[in-house]
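Which chain is which? The protein sequence lines are A and B, in order. First residue of the first sequence? That's 1 in the numbering used here, and the numbers climb one at a time after it. First residue of the second sequence? That's 1 in the numbering used here, and the numbers climb one at a time after it.
No lab work stands behind these hints: they were computed from the structure. Heads up, some of the hints might be wrong.
[Claimed, not checked] With a Cα cut of at most 30 Å, we get these calculated DSSO-like pairs of lysine-lysine:
| no. | chain 1 | residue 1 | chain 2 | residue 2 |
| --- | --- | --- | --- | --- |
| 1 | A | K51 | B | K66 |
| 2 | A | K41 | B | K91 |
| 3 | B | K396 | A | K38 |
| 4 | B | K93 | A | K38 |
| 5 | A | K66 | B | K395 |
| 6 | A | K57 | B | K395 |
| 7 | B | K395 | A | K54 |
| 8 | B | K395 | A | K38 |
| 9 | A | K25 | B | K395 |
| 10 | A | K25 | B | K132 |
| 11 | B | K396 | A | K70 |
| 12 | A | K51 | B | K395 |
| 13 | B | K126 | A | K41 |
| 14 | A | K38 | B | K101 |
| 15 | B | K396 | A | K30 |
| 16 | B | K395 | A | K30 |
| 17 | A | K41 | B | K93 |
| 18 | A | K41 | B | K101 |
| 19 | B | K396 | A | K51 |
| 20 | B | K396 | A | K25 |
| 21 | A | K52 | B | K66 |
| 22 | B | K101 | A | K70 |
| 23 | A | K41 | B | K396 |
| 24 | B | K395 | A | K52 |
| 25 | B | K65 | A | K52 |
| 26 | B | K132 | A | K41 |
| 27 | B | K91 | A | K38 |
| 28 | B | K396 | A | K52 |
| 29 | A | K51 | B | K65 |
| 30 | B | K396 | A | K54 |
| 31 | B | K395 | A | K41 |
Remember, it's a predicted structure, so these values are computed and weren't measured experimentally.
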Amino acid sequence: MIKKTFLILTFIFYSNLYANEDAAKTMVHKLSLSAGSKAIKQWERIFSSIKKMKRYKIDTLNSGEKEILKEYLINHAIDSDQPTVAGI
Amino acid sequence: MNRYILIVLMFLVSIDAQATDDVSEKSLVQELLKEVRALRKEVDSLKADRNIKQKELVQEVQTIKKAQIENAQAIEDVNEYTEEVEANSFKDKLDFGLGFKTNLDNFTKKYASGRKVSSNNVWSNKLMLNMKADISDDMNFYGRLSMFKYWGTSNVHKYTYYDNMQGRAPSNSALYVERAYLNWFLFQDSFLPLSFTIGRQPSSDGPSNQFKDNVLRKGTYSGLLYDGAADGIVLTANLSTVLDNPGTYLRLGYAKGYAYNESENDVGNAFIGASNNDIEDTNVFGVFLDTTIPNIDNSLVQISYSRMIDIVANPLDANTTENENIGDVDLYGAMVEFTNFNNSNLDLFAHYGHSVAHPNGKGYRNYGGLLSSNGDTSDKSGDSIWLGSRYGFGKKQRFKVGLEYNHGSENWINLTQGSFDIYNKLATRGDAYEAYLMYVINRYANIRLGYVNVNYDYTGSGWFVGESKKINSSVDNADTTVENLESIYLKMNVNF
Chain A
1 MIKKTFLILT
11 FIFYSNLYAN
21 EDAAKTMVHK
31 LSLSAGSKAI
41 KQWERIFSSI
51 KKMKRYKIDT
61 LNSGEKEILK
71 EYLINHAIDS
81 DQPTVAGI
Chain B
1 MNRYILIVLM
11 FLVSIDAQAT
21 DDVSEKSLVQ
31 ELLKEVRALR
41 KEVDSLKADR
51 NIKQKELVQE
61 VQTIKKAQIE
71 NAQAIEDVNE
81 YTEEVEANSF
91 KDKLDFGLGF
101 KTNLDNFTKK
111 YASGRKVSSN
121 NVWSNKLMLN
131 MKADISDDMN
141 FYGRLSMFKY
151 WGTSNVHKYT
161 YYDNMQGRAP
171 SNSALYVERA
181 YLNWFLFQDS
191 FLPLSFTIGR
201 QPSSDGPSNQ
211 FKDNVLRKGT
221 YSGLLYDGAA
231 DGIVLTANLS
241 TVLDNPGTYL
251 RLGYAKGYAY
261 NESENDVGNA
271 FIGASNNDIE
281 DTNVFGVFLD
291 TTIPNIDNSL
301 VQISYSRMID
311 IVANPLDANT
321 TENENIGDVD
331 LYGAMVEFTN
341 FNNSNLDLFA
351 HYGHSVAHPN
361 GKGYRNYGGL
371 LSSNGDTSDK
381 SGDSIWLGSR
391 YGFGKKQRFK
401 VGLEYNHGSE
411 NWINLTQGSF
421 DIYNKLATRG
431 DAYEAYLMYV
441 INRYANIRLG
451 YVNVNYDYTG
461 SGWFVGESKK
471 INSSVDNADT
481 TVENLESIYL
491 KMNVNF
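Construct all of the structure, not just a fragment, from the sequences and the given hints.
Put into C-alpha cells, the structure is as follows:
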C-alpha cells in the first residue's frame, strides 16, 4: 500500500516535469514578442493564421513549441487574469 | 611580235582583274550599306521601343506616385481613426470586469440535541462588477460592486449591516461596495519602491481561496485569518530588490474595525461621525510579510501579526448602555502555498493561525465577554490549521479535484466573518472537511460539485462574544446549537 502510494505520488510530481513556462519565456525572448502587448483574442487570431504566424516568425516553431508559446502568451496577455493584491 | 602580243595579253588580264576587284568591292560596300541600314533600322526600332518603355515607365511611376499619395491619404485616415479609437480608449477611464457565481446548496444541520434540519435546493447568485482605472503612472484604482442574494427573496439579511460582510453575505439585490481603493506608488525606480493602498481593501478571498474558484490570487491576506471587507490604509514596501528575492513585500496596515456613528453627534446637516465616550472605535494594526521560496516558481509564503484593539461586543447595537468594548485580540499567522508545484498540475497549501484574546472582564448582556464569561480577564489562546490541495488532470486540466481540511481549537477566533462560504468553515472550532470536483468549461468559467462536512467541537465558532463550551447533548441550548453541518453543493463560477 505504501509502495503504491509512493508510486502514485511520484507519478503526480514528475508526470509533467518539463518546465513549459521557462521554455515559453525563452521563445518569447528569441522571437522578440511581448505577451502584454496584445489581448487574448489577438493572440488567438495570430495562432489561427499561417500568414500572421509568419509575420512573428512563429511558423519556425514546431507544433509542440507553438502550443507552449500560445498558452504562455494568452496567460500573460493584457486582458488575462491578474492577481489582486494591495500595493501591486 | 610575240612580245607585243604577250604584253597586250598581260595588260588585258590585269584590266580584267582590276575590274573584278572593283565589282567585289562594290558588292561588299553594298552589303555593308545594307547591314548598316538594317542596323539603323534595328536601332530605330530599339529607340522606338525604348521610348515606348520610357513612356510606360513614366506612366508607371506616375501611377505609383498617385497610389503613394492615395496610400498616404489612407494612412492619414487610418491614423485619424486610430487616434479616435485611442482617444475613446483614454476616455474610458474605468475598465469593468465581470464576476458571477451561481450556487446550489443542500444543507443538513444536526443539533446537539440530536434534532436534524435540512435546507435543500437553496439557490443563490453573486454578481461582482470589478473595476480598474489606471489613473497615472504612479496611481491606480480598483473597486468591486457586489450583489449576493438567494433566489426568490430580497430580504435584507441582518448580517448585511456588519461592515465587513456587505456584499459578502446573501441579502437583497442591492449592490454593495465590497472594494474601493487607490494604490499610490512611490519611488518606483529606486531600490525600495513603496506604495500606499487607501480605502476599502482587497482583504477578502485571499490565499488560498483562489483554487476553488480557479482564478489567480484575489486577496492580500491569508484566508484562514481574514476574509471580508475592511476600510484602512496599507503601506507596502517592495523588498524584492533589497533582499534579491522576487515577490517579497512588507506591509504595514491600519484598519478601522468598528466606528461608532450615531445621529446624536450630528451638527446641523453634517454627519460628523464617531464620538462616544462609552464605546471606543475598534482599531486594527497589522504587519505582513509576503515572500517566495527561492527556485520554486509560483510559491507564496506569508507571515503576519495583527492586533485588534477595543473590540466592540455587537457592532449593530447602538445602545451604549449595553454595548461594550470587551477587549483586544492578537492574531498570528503563517502560510505557504504552491501553485502548479514543480509543473505537476498540483497545487498545495498549508496555513496556521494562532489567536490570543485578552478579555477586559466586561460582558454584553448575559452573553459574556470576549471568548469568556462576564468578569473573566484571563487570556484565551486558540489555534487553527488549514491544509489543502488541488490536482488538474491531463494537459488541458479540464477536470480538477480538490481536498481541504481545517481544524480549530476551543478558543480559535479569526476575522473571516465575511467569508464567501456562508458557513464560515475556517472559523470552525472543530474539524471541517471539503472535497470537490471541478470541470473547467473554458478559460473564464467552471462548475464545481462539492461536499463539506463541519464537526463543531465547541460553541461560538466565529463569534467574539461568549465563553466557548464543549458541544454535547447537555450543552446549554442544545436544541439550537449546531453540532454538525453538511452541505452538498453545485457552484458555477464565471470570472471575465
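Each hint, compared with the structure:
For the suggested pair A:K51 and B:K66, the alpha carbons sit about 28 Å apart, so the restraint of at most 30 Å is met. Distance hint between A:K41 and B:K91 is fulfilled; the C-alpha atoms sit about 22 Å from each other, no more than 30 Å. A threshold of 30 Å between alpha carbons decides the hint, and for B:K396 with A:K38 the separation of about 22 Å falls inside it, so the pair holds. Between B:K93 and A:K38 the alpha-carbon distance is near 19 Å, which keeps this suggested pair within the 30 Å criterion.
At most 30 Å may separate the alpha-carbon atoms for a hinted pair to count; A:K66 and B:K395 meet this at roughly 15 Å. Distance restraint check for A:K57 and B:K395: the Cα-Cα separation of roughly 25 Å lies within the 30 Å cut-off, and the hinted pair is therefore satisfied. Distance hint between B:K395 and A:K54 is fulfilled; the C-alpha atoms sit about 27 Å from each other, no more than 30 Å. Our distance criterion of 30 Å between C-alpha atoms is met by B:K395 and A:K38, whose separation comes to about 24 Å.
Simply put, A:K25 and B:K395 have alpha-carbon atoms about 19 Å apart, close enough for the 30 Å limit, and the pair holds. Note on A:K25 and B:K132: the hinted pairing holds, with a Cα-Cα distance of about 28 Å set against a maximum of 30 Å. With a C-alpha separation of about 13 Å, the suggested pair B:K396 and A:K70 falls inside the 30 Å cut-off, and the hint holds. For the suggested pair A:K51 and B:K395, the alpha carbons sit about 28 Å apart, so the restraint of at most 30 Å is met.
Using a Cα cut-off of 30 Å, the hinted pair B:K126 and A:K41 holds, with the two alpha carbons roughly 27 Å apart. Taking the CA atoms of A:K38 and B:K101, the gap is near 28 Å; set against the 30 Å cutoff, the hint holds. Between B:K396 and A:K30, the direct Cα distance comes to roughly 26 Å. Compliance with the 30 Å bound is thereby established for this hinted pair. With a C-alpha separation of about 25 Å, the suggested pairing of B:K395 with A:K30 holds against the 30 Å cut-off.
About 22 Å separates the Cα atoms of A:K41 and B:K93, which keeps this hinted pair within 30 Å; it holds. At roughly 24 Å between alpha-carbon atoms, A:K41 and B:K101 fall within 30 Å of each other, so this suggested pair holds. Taking the CA atoms of B:K396 and A:K51, the gap is about 27 Å. The hint holds against a cut of 30 Å. Taking the CA atoms of B:K396 and A:K25, the gap is about 20 Å. The hint holds against a cut of 30 Å.
Taking the CA atoms of A:K52 and B:K66, the gap is near 29 Å; set against the 30 Å cutoff, the hint holds. Proximity of B:K101 to A:K70 is assessed by CA-CA distance (about 28 Å); at most 30 Å being required, the pair is judged to hold. Proximity of A:K41 to B:K396 is assessed by CA-CA distance (about 19 Å); at most 30 Å being required, the pair is judged to hold. Taking the CA atoms of B:K395 and A:K52, the gap is about 26 Å. The hint holds against a cut of 30 Å.
For the suggested pair B:K65 and A:K52, the alpha carbons sit about 29 Å apart, so the restraint of at most 30 Å is met. Straight-line distance between C-alpha atoms of B:K132 and A:K41 comes to about 20 Å, which keeps the hinted pair within the 30 Å bound. The straight-line distance between the Cα atoms of B:K91 and A:K38 is roughly 20 Å, inside the 30 Å bound, and the hint therefore holds. Between B:K396 and A:K52, the direct Cα distance comes to roughly 25 Å. Compliance with the 30 Å bound is thereby established for this hinted pair.
Between A:K51 and B:K65, the direct Cα distance comes to roughly 28 Å. Compliance with the 30 Å bound is thereby established for this hinted pair. Between B:K396 and A:K54 the alpha-carbon distance is near 26 Å, which keeps this suggested pair within the 30 Å criterion. Proposed proximity of B:K395 and A:K41 is supported: the alpha carbons are some 21 Å apart, at most 30 Å.
Hint compliance for this structure: no hint is broken.
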